[in-house]
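Chains Z and R, in that order, give the protein sequences. Residue numbers for the first sequence follow the working numbering, so the first one is 163 and each next one is one higher. Residue numbers for the second sequence follow the working numbering, so the first one is 163 and each next one is one higher.
Just so you know, not all the hints are guaranteed correct.
Identical copies go unnamed one by one, so any copy, or any two together, can satisfy a pair.
[Stated by the list, open to error] The calculated lysine-lysine pairs, modelled on DSSO-like cross-linking and capped at a C-alpha distance of 30 Å, are: (1) Lys266 <-> Lys553; (2) Lys553 <-> Lys170; (3) Lys556 <-> Lys582; (4) Lys266 <-> Lys582; (5) Lys556 <-> Lys278; (6) Lys170 <-> Lys278; (7) Lys366 <-> Lys605; (8) Lys266 <-> Lys605; (9) Lys582 <-> Lys278; (10) Lys556 <-> Lys266; (11) Lys363 <-> Lys605; (12) Lys556 <-> Lys505; (13) Lys553 <-> Lys505; (14) Lys605 <-> Lys278; (15) Lys278 <-> Lys366; (16) Lys363 <-> Lys556; (17) Lys605 <-> Lys556; (18) Lys170 <-> Lys266; (19) Lys266 <-> Lys278; (20) Lys505 <-> Lys266; (21) Lys366 <-> Lys582.
For the record, the hints were derived by calculation from the structure and aren't laboratory data.
Protein chains: 2
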Amino acid sequence: MDRVKVTKLSGFPEYLPAERIVEQHFLDVIRRTFELHGFTSLETRAVEPVDRLLGKGGDADKEIYGVTRLADRGAETSSREPDLGLHFDLTVPFARFVLENAGKLTFPYRRYQIQKVWRGERPQEGRYREFTQADIDVVDVGELAPHFEAEMPLVIAEIFAQLPIGRMTIQVNNRKIPEGFYQGIGIAPEDVAGTLRIIDKLDKIGPDKVRALLVEAGRSTEQADQCLALAAIRTEDLSFVERVRGLGVEHPLLDEGLEALAAVITAGLDNAPGAMVADLKIARGLDYYTGTVYETQLEGYESWGSFCSGGRYDALASDGRTTYPGVGISIGVSRLLGLLLGKGLVTASRATPAAVLVAVVEEDSRAASTSVARALRSRGIPCEVAPSAAKFGKQIRYADRRGIPFVWFPGEGDVSHQVKDIRSGEQVDVDVDTWAPPTEDLKPSVVASNPNP
Amino acid sequence: MDRVKVTKLSGFPEYLPAERIVEQHFLDVIRRTFELHGFTSLETRAVEPVDRLLGKGGDADKEIYGVTRLADRGAETSSREPDLGLHFDLTVPFARFVLENAGKLTFPYRRYQIQKVWRGERPQEGRYREFTQADIDVVDVGELAPHFEAEMPLVIAEIFAQLPIGRMTIQVNNRKIPEGFYQGIGIAPEDVAGTLRIIDKLDKIGPDKVRALLVEAGRSTEQADQCLALAAIRTEDLSFVERVRGLGVEHPLLDEGLEALAAVITAGLDNAPGAMVADLKIARGLDYYTGTVYETQLEGYESWGSFCSGGRYDALASDGRTTYPGVGISIGVSRLLGLLLGKGLVTASRATPAAVLVAVVEEDSRAASTSVARALRSRGIPCEVAPSAAKFGKQIRYADRRGIPFVWFPGEGDVSHQVKDIRSGEQVDVDVDTWAPPTEDLKPSVVASNPNP
Numbered sequence: 163m164d165r166v167k168v169t170k171l172s173g174f175p176e177y178l179p180a181e182r183i184v185e186q187h188f189l190d191v192i193r194r195t196f197e198l199h200g201f202t203s204l205e206t207r208a209v210e211p212v213d214r215l216l217g218k219g220g221d222a223d224k225e226i227y228g229v230t231r232l233a234d235r236g237a238e239t240s241s242r243e244p245d246l247g248l249h250f251d252l253t254v255p256f257a258r259f260v261l262e263n264a265g266k267l268t269f270p271y272r273r274y275q276i277q278k279v280w281r282g283e284r285p286q287e288g289r290y291r292e293f294t295q296a297d298i299d300v301v302d303v304g305e306l307a308p309h310f311e312a313e314m315p316l317v318i319a320e321i322f323a324q325l326p327i328g329r330m331t332i333q334v335n336n337r338k339i340p341e342g343f344y345q346g347i348g349i350a351p352e353d354v355a356g357t358l359r360i361i362d363k364l365d366k367i368g369p370d371k372v373r374a375l376l377v378e379a380g381r382s383t384e385q386a387d388q389c390l391a392l393a394a395i396r397t398e399d400l401s402f403v404e405r406v407r408g409l410g411v412e413h414p415l416l417d418e419g420l421e422a423l424a425a426v427i428t429a430g431l432d433n434a435p436g437a438m439v440a441d442l443k444i445a446r447g448l449d450y451y452t453g454t455v456y457e458t459q460l461e462g463y464e465s466w467g468s469f470c471s472g473g474r475y476d477a478l479a480s481d482g483r484t485t486y487p488g489v490g491i492s493i494g495v496s497r498l499l500g501l502l503l504g505k506g507l508v509t510a511s512r513a514t515p516a517a518v519l520v521a522v523v524e525e526d527s528r529a530a531s532t533s534v535a536r537a538l539r540s541r542g543i544p545c546e547v548a549p550s551a552a553k554f555g556k557q558i559r560y561a562d563r564r565g566i567p568f569v570w571f572p573g574e575g576d577v578s579h580q581v582k583d584i585r586s587g588e589q590v591d592v593d594v595d596t597w598a599p600p601t602e603d604l605k606p607s608v609v610a611s612n613p614n615p
Numbered sequence: 163m164d165r166v167k168v169t170k171l172s173g174f175p176e177y178l179p180a181e182r183i184v185e186q187h188f189l190d191v192i193r194r195t196f197e198l199h200g201f202t203s204l205e206t207r208a209v210e211p212v213d214r215l216l217g218k219g220g221d222a223d224k225e226i227y228g229v230t231r232l233a234d235r236g237a238e239t240s241s242r243e244p245d246l247g248l249h250f251d252l253t254v255p256f257a258r259f260v261l262e263n264a265g266k267l268t269f270p271y272r273r274y275q276i277q278k279v280w281r282g283e284r285p286q287e288g289r290y291r292e293f294t295q296a297d298i299d300v301v302d303v304g305e306l307a308p309h310f311e312a313e314m315p316l317v318i319a320e321i322f323a324q325l326p327i328g329r330m331t332i333q334v335n336n337r338k339i340p341e342g343f344y345q346g347i348g349i350a351p352e353d354v355a356g357t358l359r360i361i362d363k364l365d366k367i368g369p370d371k372v373r374a375l376l377v378e379a380g381r382s383t384e385q386a387d388q389c390l391a392l393a394a395i396r397t398e399d400l401s402f403v404e405r406v407r408g409l410g411v412e413h414p415l416l417d418e419g420l421e422a423l424a425a426v427i428t429a430g431l432d433n434a435p436g437a438m439v440a441d442l443k444i445a446r447g448l449d450y451y452t453g454t455v456y457e458t459q460l461e462g463y464e465s466w467g468s469f470c471s472g473g474r475y476d477a478l479a480s481d482g483r484t485t486y487p488g489v490g491i492s493i494g495v496s497r498l499l500g501l502l503l504g505k506g507l508v509t510a511s512r513a514t515p516a517a518v519l520v521a522v523v524e525e526d527s528r529a530a531s532t533s534v535a536r537a538l539r540s541r542g543i544p545c546e547v548a549p550s551a552a553k554f555g556k557q558i559r560y561a562d563r564r565g566i567p568f569v570w571f572p573g574e575g576d577v578s579h580q581v582k583d584i585r586s587g588e589q590v591d592v593d594v595d596t597w598a599p600p601t602e603d604l605k606p607s608v609v610a611s612n613p614n615p
């Protein structure tokens, strides 16, 4: 018995049954596609030592949730156990797992990880305090072959193509392109990262403000204009190479970057035409990306920002002797569902897995209905036995409220079993060992729907 | 780059790829079976207000982990937000969810919930600080039909029958039996719960010590002997009724309990013969159970205790006006896997979902291998393209180390595609649009294995 007041917690989304079926469908598609590509599943513990979460810089921006046994509260420092916090992404625990288990893993290690993460941020639209991420990464020992950078967006494109959402574009760039280009126009190596950080604001504040910020940061107006010209290049095919060349800048790092990006875009054109675009303004804020970087935009919802991002990094982790380079990409599942469910853009055909409600004629014959249900389940048909031997009209309404499409009326002796499709009203004689619902009704379907007014 | 020291955390299990495949198999079987029975999925947030976790009694036994933003540490009381903790089971959040969303749910509400829970206990064999539970419950408004008490163990029996484990017995009792029986032999109603708690120690300390404790608690030696005689009754069929009657005790609550337990056992005999046993010593420690109670034992590992427990409760939750009775059962997935993986009783056939490794002839022809992989995936065959165009022997060893059974050698022009089963060495010409691995090789299989020496 529990009469404690119910408290809604802002930023901690929870789904009702039909919404959860949408989420499960998304997660199932993601998992199935990851596995089709030979990624192995990893689940790490929810907590890490706080010093690992903070990283070398002691960066407290991530709004980490600390975790302490209630009995130990107020005594954090005296505890013999490490100070713990909830992970705020899946990369930090993955890096730690690789270091901890390097001797037991086979490399290149292809892992996927679909888990909740936590951030104590101020909740706002599209931002949560608890949310689900779906990550893939390939890490290797010492060196990582460049073809993995082309593989990541192909996996993601395959997922988005299966989901009931609008057009999702994967924007790809290579950090070596701006880095080489900037050096080629005379920007000092130590100013490259700062320049990139300013360019990264382009979508938010526009070219005029970016130009002003660049000049304020010490770039010449000519350099600022060249940077903006580079950032304006966006092509679905390989023509970005020509357009960059047309800007007349030369640098070996630029050549490397163009070649690498061309390889990624070529793989996209071959395997997922229309899914990718070379977009030379994409920078990704995180300092550790060193090659290809990815972001995504959902058509019509560009202001929501990226739902899936990642890139190539030279050092996921290092134990001092061995370094593990890799490439990864992460789908913000909760952010995407927050948009789609919040705006009514996607819906489930029913609020239960059950395809059939087996009616109960009278309470004394419930065993006969249970027996029908058992036969259907043995053939993979999800079903539920009616909760009470109410009038059939009431039992049908019970199915209707949940969206269960079929009601089964058990036969006995000379009376046939019958199934009613409660959408059409059609009712037919059926056999318990052979009848099955149409394939499209076996599981709830999840489809795009009209946006809420 | 991350050189922070790697810290193993005791009580937070993490699985390597092949072990995780075993866990996924168990969770998939559990989920599929829950859904076949028409249970809808629920995931609740990981945190609840601490006062809700502690309950009315402020019971701190549960070793709750408190959660506080690092920035707010040391200032818990001044915070305007509720004091939060990680849930230690799935029942407390489920009860809160039902109260919070009663108006949007349809009753009886059948939900399953498979999630991590956290307890700050001292880690020991079979006990974790982070572990996965898989729960089903049916709750209704005001009244709950008794047939749901028979349904729960049938779902569980179906799950255990599909898992590669030894014989799991579901022990069923009804709390009304001991409660009525005790009152029938003159134990005062206020002493019933205490008597039951002592009887519950039977498996741990044996009948002699239990008898002594009962007498110490004020029961007569005759009463103690009668309690032990009742607790000794364990039958696979309905003969427990006769045996209780043979003890010559009469009480209306006892009659009710016997009838209810007979109904559950009858459903078991009809639908899952051999899976259940009426075991009249089963009490379950939790005070809120009021009818049927369940525990389970794995043959040969009885000392590990129950891997799956639950029961009927009259009030999961109440908002003061409406009460929600229910019945539920919970599988301790991590505890079960801790035993099975720890003792080497179960194993996965491979450490990756990939059934095929597509070899790469030379790095320049990687696109041809990618194209083969895409064709196989489009037909649901999980595969991976070789990470490098090494000598074929090395590519085969790469597959072998992961347990990938097939290596595909891409053809070109007049050269046929070929597939090698690396277990038998057999290599055959194949067509990219029709070849498929045998069904048993499509996914990793998870099977019982010999225990570790």
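Checked hints:
Taking CA atoms no more than 30 Å apart as the test, Lys266 paired with Lys553 passes between copies only; the shortest distance there is 24 Å, against 61 Å inside one copy. For the identical chains of this complex, Lys553 and Lys170 are neighbours neither inside a copy (38 Å) nor across copies (60 Å), given an alpha-carbon limit of 30 Å. In this assembly of identical chains, Lys556 and Lys582 lie within 30 Å of each other by CA distance solely inside one copy; the values are 14 Å within and 59 Å between copies. Within a single copy, Lys266 and Lys582 get their C-alpha atoms only as close as 55 Å, which misses the 30 Å cut-off; across copies the closest is 27 Å, which meets it.
Taking CA atoms no more than 30 Å apart as the test, Lys556 paired with Lys278 passes in neither setting, with 40 Å inside one copy and 38 Å between copies. For the homomeric pair Lys170 and Lys278, the shortest alpha-carbon distances inside one copy (19 Å) and between copies (21 Å) are both at most 30 Å. Neither within a single protomer nor between protomers do Lys366 and Lys605 lie at most 30 Å apart by alpha-carbon distance, with minima of 42 Å and 46 Å respectively. In this homomeric assembly, Lys266 and Lys605 come within 30 Å of each other (Cα to Cα) only across copies, at 22 Å, whereas the closest approach inside a single copy is 39 Å.
Taking the shortest alpha-carbon separations for Lys582 and Lys278, neither the intra-copy value of 41 Å nor the inter-copy value of 40 Å comes in at or below 30 Å. In this assembly of identical chains, Lys556 and Lys266 lie within 30 Å of each other by CA distance solely across copies; the values are 19 Å between and 58 Å within a copy. Taking the shortest alpha-carbon separations for Lys363 and Lys605, neither the intra-copy value of 44 Å nor the inter-copy value of 45 Å comes in at or below 30 Å. Proximity of Lys556 to Lys505 under the C-alpha cut-off of 30 Å is found in neither arrangement, the shortest distances being 33 Å within a copy and 52 Å between copies.
Within a single copy, Lys553 and Lys505 get their C-alpha atoms no closer than 38 Å, and across copies no closer than 53 Å, so neither meets the 30 Å cut-off. For a Cα distance limit of 30 Å, the shortest separation of Lys605 from Lys278 qualifies both inside one copy, at 25 Å, and across copies, at 26 Å. Taking identical chains as interchangeable, the C-alpha atoms of Lys278 and Lys366 lie at most 30 Å apart only when both belong to the same chain, with a minimum of 28 Å there against 38 Å between chains. In the homo-oligomer, the alpha carbons of Lys363 and Lys556 never lie at most 30 Å apart, since the shortest distance is 59 Å inside one protomer and 47 Å across protomers.
In this assembly of identical chains, the alpha carbons of Lys605 and Lys556 lie at most 30 Å apart only when taken from the same copy (24 Å versus 43 Å across copies). Taking identical chains as interchangeable, the C-alpha atoms of Lys170 and Lys266 lie at most 30 Å apart only when they sit on different chains, with a minimum of 15 Å there against 43 Å within one chain. Taking the shortest Cα distances, Lys266 and Lys278 sit within 30 Å of each other both inside one copy (25 Å) and across copies (25 Å). For a Cα distance limit of 30 Å, the shortest separation of Lys505 from Lys266 across copies, 18 Å, qualifies, whereas the shortest one inside one copy, 45 Å, does not.
In this assembly of identical chains, the alpha carbons of Lys366 and Lys582 never lie at most 30 Å apart, being 55 Å within a copy and 54 Å across copies at closest.
Consistency with the previously given hints fails for numbers 2, 5, 7, 9, 11, 12, 13, 16 and 21, ordered from lowest to highest.
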